[in-house]
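S.K.: Each chain, written out:
There are 2 protein chains.
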Amino acid sequence: MAKKVAVVLSGCGFKDGTEITEAVATLISLTQAGAEYKCFAPDQEVVGTDHLTGKPSNSRNLMHEAARICRGEIQSLEELNPQSFDAVVFPGGYGAALNLSTWGKEGSKGSVLPQVERIIREFNNQSKPIGVICIAPTLVAKVLGSKNITLTIGEDRETALEIEKTGARHENCPVADYVTDRENKVISTPAYMYGQARPHEVFQGVQGLVKELVEMA
Amino acid sequence: MAKKVAVVLSGCGFKDGTEITEAVATLISLTQAGAEYKCFAPDQEVVGTDHLTGKPSNSRNLMHEAARICRGEIQSLEELNPQSFDAVVFPGGYGAALNLSTWGKEGSKGSVLPQVERIIREFNNQSKPIGVICIAPTLVAKVLGSKNITLTIGEDRETALEIEKTGARHENCPVADYVTDRENKVISTPAYMYGQARPHEVFQGVQGLVKELVEMA
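Chains as they are written, first to last, in my numbering: chain A, 1 to 217; chain B, 1001 to 1217.
Here chain A stands alone, though its shape is the one from the complex (with noise of 0.2 angstroms):
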C-alpha cells in the first residue's frame, strides 16, 4: 500500500513563504518512489514580500498562496492528523523561519507555531520520519533538540552554532546529500541554505531525502 506524507507548506516564494523548488522537487519525488501526498498550511495573513524588489508588497493567506504549487489541493495545518499519515516534510524558505516559526527574527530563543510543535511532537511520538529541507532544520531543533538529535543546514557556521544551543548536534552537508538521524527519524538537506545552488542540486538532495523517509515510513 502507498504510504501517506503529509507537506507542510507556508505560503509560495521563499522569501515570504515555501522555497517553491524544494516544494516542488518534494511532491516530484514522492509520486517517484510510489507515496501518496496532502498539502497543509497556515490559514493565516501574513505582510508579503515582492521577490523582484525584496520590498514589502500586500497582504497574503499563507494556505490560499501555498495552493499555488500545490494547484489547489490544500488544507488548513489544523486539519492535520499525525494518525493519518507515515511521515511528514517541511520545505524550507523564509515560510518556514517567519511563519511557521519565529527562528528567523529570534534564533534559538524564538518559538514555533503551537501547530507546528503539535505535529512535530507527534510524529516523532509516533516513531514515523520528519524530513526537513533547508532551513526548516531550525523546526524539529526548537522542539526535538533536547533529544540530542542530529541534523544539517549545510555548512553556515553561524546557523550551525546556533542550532546547537537547542541541544540538537549539527553536522556539515553539501547540497546534494542529506544527512538521516536513524534513531529518531529525522532527515534534512540544507537545499537553498546554499544561496547559489542549482535547481537539479537542490532536486537531487530533496530526491534523496524522500526515498530514504518513505523507505523508513
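Calculated directly from the structure, the hints in this document are not laboratory data. The beta-carbon is built from N, C-alpha and C at its ideal position, and this holds for glycine as well. Don't take every hint at face value.
[Claimed, not checked] Straight-line Cα separation of at most 30 angstroms, DSSO-like style, residue types lysine-lysine; simulated pairs:
no.	chain 1	residue 1	chain 2	residue 2
1	A	Lys147	A	Lys105
2	A	Lys211	B	Lys1211
3	B	Lys1055	A	Lys38
4	A	Lys55	B	Lys1165
5	B	Lys1003	B	Lys1055
6	B	Lys1109	B	Lys1165
7	B	Lys1038	A	Lys55
[To be verified] So the derived label-pair ranges between C-beta atoms look like this:
no.	chain 1	residue 1	chain 2	residue 2	range
8	B	Glu1215	A	Ser59	44 to 52 angstroms
9	B	Ser1146	A	Ser59	43 to 51 angstroms
10	A	Lys4	B	Leu1161	35 to 43 angstroms
11	A	Ser59	B	Glu1073	19 to 27 angstroms
12	B	Glu1106	A	Leu161	56 to 64 angstroms
Following the hints, put chain B in place on chain A, whose structure we already have.
M.R.: Relative to chain A, chain B alone:
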C-alpha cells in the same frame, strides 16, 4: 560551452499564471542537462485567481509574481533578445492561454502577445529550438501553424481539433513523453493537460523535452 536557454513565464500558479511544477521541472532539467537559463515574463498587471477558491482575487503583476518561481532573477519579456540564446522554453498554465495569448477565450481565432509572437518568429528564423509545455503549444500553433508544424497537447480532442485549424498537425502523446518536430525544431509535452497527472510524470515529460532541446540547440 554551456547552452543558454530563455524561459518565458507569465505569473505564478496555473489558474492565473505559469504552472509551477512545469516551470520548476524545466529549470531542474535545464541545469541537469548542463545548460544555463534566464527567466523572462511580461511586466503586466492582471486580475488574479485565488487558487483555493477559484474566485477572482487582487491584481497581480506577471513578472513580479513569476519572480517567486526563479528566486527573484527575472527580466521583462521585452528584454529577451533571441540572438543571446540557443533555445527558448514556454511552460504552461492559464498564464500561457490568458496572459501570453487569448487562446483560452478565443481558441484559434485569438491573438498572441506581440512580444511572444516576435520571440517565437525570431527563434524559428534563427533555427533555434522552441520547447512548449501543456497549453503553450497553442502559442507556436498560432504563430507558426502555417508551416505545418507537428506538436502535442496530449489527447484532448477538442483542443487538438482547434489547433489543427491553424495548419499545425496534432499528435497524441502520453504525459511522460514528448513530441519532436525535427524540421521546425519544436518540442512539446502535454504535462498538466492531463489534469490528474502525478508530479513525477510531468517531470519525466518535461525532462525528456529539455534534454532533446539542449542537444538540438
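S.K.: So, for every hint listed, does it hold in this structure?
M.R.: Evaluation of the provided hints:
| no. | hint | in the structure |
| --- | --- | --- |
| 1 | Lys147(A) x Lys105(A) | holds, 24 angstroms |
| 2 | Lys211(A) x Lys1211(B) | holds, 24 angstroms |
| 3 | Lys1055(B) x Lys38(A) | holds, 22 angstroms |
| 4 | Lys55(A) x Lys1165(B) | violated, 46 angstroms |
| 5 | Lys1003(B) x Lys1055(B) | violated, 41 angstroms |
| 6 | Lys1109(B) x Lys1165(B) | holds, 9 angstroms |
| 7 | Lys1038(B) x Lys55(A) | holds, 22 angstroms |
| 8 | Glu1215(B) x Ser59(A): 44 to 52 angstroms | holds, 46 angstroms |
| 9 | Ser1146(B) x Ser59(A): 43 to 51 angstroms | holds, 47 angstroms |
| 10 | Lys4(A) x Leu1161(B): 35 to 43 angstroms | holds, 40 angstroms |
| 11 | Ser59(A) x Glu1073(B): 19 to 27 angstroms | holds, 25 angstroms |
| 12 | Glu1106(B) x Leu161(A): 56 to 64 angstroms | holds, 59 angstroms |
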